[in-house]
Amino acid sequence: MTIFLIRRLMQSFVVLLIMSLVVFAGVYAIGNPVDVLISPEATELQREQTIQQLGLDRPMWEQYLIFLKNIAEGKLGTSFVHNRPAITLILERFPATFELAFSALVIAVFLGIPLGLWAGLRADSFSGRSIISGSIILFSMPTFWVGLLMIIAFAINLNWLPTSGRGEVGTFLGIRSSLFTIDGLRHLVLPATNLALYPLALIIRLTASGTSETMSLDFMRSARAKGLHAPRIVFVHLLKNILIPIVTVIGLQFSVILAFAVVTESIFSWPGMGRLIIESINLLDRPVIVAYILVTILIFMLINLLVDVLYSFLDPRVRLEKM
Amino acid sequence: MTPASQKAVEPTIEIENLKTYFFTRSGVVKSVDGVSYSVAPGEILGIVGESGSGKTVTGMSIMGLVEKPGRIVEGSIRFKGEEIANASERRLRQLRGGAISMVFQDATTALNPVLRVDTQMVETLRAHKKISRREALKTAEEMLARVGIPTPEKRLKSYPHEFSGGMRQRVSIAMALLNDPDLIIADEPTTALDVTVQAQVLLETQKLCREKGTSLIWVTHDLTVVAGLADKVCVMYAGRIVESGSVDDILDNPQHPYTIGLIGSIPSSNTRGRKLQQIEGTTPSLLNIKPGCAFRERCWRATSACQEEPPESSFGPGRTVRCFHPCLDGEQYESAGLNA
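Residue numbers (my numbering), protein chains in the order written: chain U, 1 to 323; chain S, 1001 to 1340.
Rather than coming from a laboratory, the hints here were simulated on the basis of the structure.
In silico negatives: residues of chain S with every beta carbon more than 12 Å from chain U:
{"id": "1", "residue": "Asp1231"}
{"id": "2", "residue": "Asp1252"}
{"id": "3", "residue": "Gly1264"}
{"id": "4", "residue": "Ile1266"}
Examples of chain S residues toward chain U, derived with CB under 8 Å:
{"id": "5", "residue": "Met1063"}
{"id": "6", "residue": "Leu1065"}
{"id": "7", "residue": "Phe1104"}
{"id": "8", "residue": "Leu1111"}
{"id": "9", "residue": "Val1114"}
{"id": "10", "residue": "His1161"}
Heads up, simulated DSBU-like pairs for lysine-lysine below, C-alpha to C-alpha not over 30 Å straight-line:
{"id": "11", "chain 1": "S", "residue 1": "Lys1129", "chain 2": "U", "residue 2": "Lys240"}
{"id": "12", "chain 1": "S", "residue 1": "Lys1068", "chain 2": "U", "residue 2": "Lys240"}
{"id": "13", "chain 1": "S", "residue 1": "Lys1212", "chain 2": "S", "residue 2": "Lys1138"}
{"id": "14", "chain 1": "U", "residue 1": "Lys240", "chain 2": "S", "residue 2": "Lys1130"}
{"id": "15", "chain 1": "S", "residue 1": "Lys1290", "chain 2": "S", "residue 2": "Lys1068"}
{"id": "16", "chain 1": "S", "residue 1": "Lys1157", "chain 2": "S", "residue 2": "Lys1207"}
{"id": "17", "chain 1": "U", "residue 1": "Lys240", "chain 2": "S", "residue 2": "Lys1138"}
{"id": "18", "chain 1": "S", "residue 1": "Lys1019", "chain 2": "S", "residue 2": "Lys1080"}
{"id": "19", "chain 1": "S", "residue 1": "Lys1129", "chain 2": "S", "residue 2": "Lys1154"}
{"id": "20", "chain 1": "S", "residue 1": "Lys1157", "chain 2": "U", "residue 2": "Lys240"}
{"id": "21", "chain 1": "U", "residue 1": "Lys240", "chain 2": "S", "residue 2": "Lys1154"}
{"id": "22", "chain 1": "S", "residue 1": "Lys1207", "chain 2": "S", "residue 2": "Lys1129"}
Nothing here was measured: the structure is a model prediction, and the numbers come from that model.
By construction, the Cβ of each residue, glycine as well, lies at the ideal position given by its N, Cα and C atoms.
Construct all of the structure, not just a fragment, from the sequences and the given hints.
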């Protein structure tokens, strides 16, 4: 386990380094922030000064080395636009995105696994078929469109829920989140549900196919031959066997909705990281873009590591040292 | 076992005219087609047949584990006098793993790979008895020791994949013995094992059954296993019992051409250097099987009479043959082209 963790951390470091180069070069290629940042009325002298100040007069490789040196000192650069450290900007927005993604995932898991189990165990029944067809529909509908429909239906026509924003934020155990106030929860329902639809469909399908595959295996027959009660057969013998692919997808989807909740955040005006990155791309705020992408990569690597460690708890045959 | 002692006690299990059919899209598969037998307490019955002869489905029918599209269409299964063919799921669940337990062919796939052995044993006990986890663990440990697993208290904490093949099969036998069953159905449990391990497992199972008076149905395709283990034998072919009798009768004096063929295909010191006998042809598909004797197309004694269903004729207590042309004493080996 320790060897695995050390090796994994070293690998992650290399990946981060390579990705930082790719991202830096990519952002460099998008365009020159000077054109956006400096007002057209500025004099040539002011222009020169600003460029120098931002370090944009140096060649790209030199800028990259400075960037690496700053990272080594714990600085991810300062936003051109907000004139504040990029990492602070991102971390400020992180809780909002995290609570949204987390709520979405909870909805997807706690609805998806039972529905998938039902669909897998009763594959021939009307209800089982309906669940599977429903998941195909969920799969294929674009998120932004469903989001707009939900706003029209629940916020505008029925007037049950607010259309946008994060709502009131409460504090519980030192954590500030809109999960802790009624108003915050009311604001959270629609965007979280919207964000949950795709992972929900994925989890339903995976659980259902895993269930019908596993039910025909020998050890499920022996579980029944031992006279076990049905709940024990389904929730222990079956579920523990099909959980590996489900956990993989949950992990992947969590990273994806954390990093790319952009569409949902835009529709529901949710003040999260997704909105920040869209604004920063529009203004070519290089440090924020680079920092954001690096943070995203870090999240992906962290969740993947967590999933791999979870594997070894779920399946005793998994040896972490060999991964 | 004398006939008198068989009559005196109520049989543990008594099957009469059992028919289990599978209703598939391409037709009706008559996996078990009118099978009858009974097993007394402490008695060991060997059921012999090729793959697809219906021997496994017979066991699954007793357990009430026949899966769709299959079902028991006719016949009765009496367990200690109680009719359990098509009994309620509730009653069947109580019996399964309790009074009737089953050992499967391959312990590698029959044990849940992601649950520890103690979990799988404790749950079996607690599904049938109200006992504490601690008591259940103790019973489980004793049982592992009884089937010959060294350091059982440590092995309880292991996962199935951490055992060798032979040890794994012992674990699943121990699991079947946990609730002191009256009947154990063993479905080719030694097929996947080395011959030496197989012999050990056979010996120990036999011993445990004799001690506890447990009835045992041992399903196998291997006549040599039955020879050393069983009291009586049923030979199955295409969903029917073609011959039954005591193990000595069947081995020394087989009368059905199929049984003779089976015995003839076992290598022995007498057949050294000679070509082994084989039964020509293959097992017929059970799908829409033609009426008459199912073996007639592979049989050297078949006549036009075999187009009809051969009746079951009895040759003394517990001795039956389903054939128009049974081989009588002494003639069988010559007819089969074998030398005794």
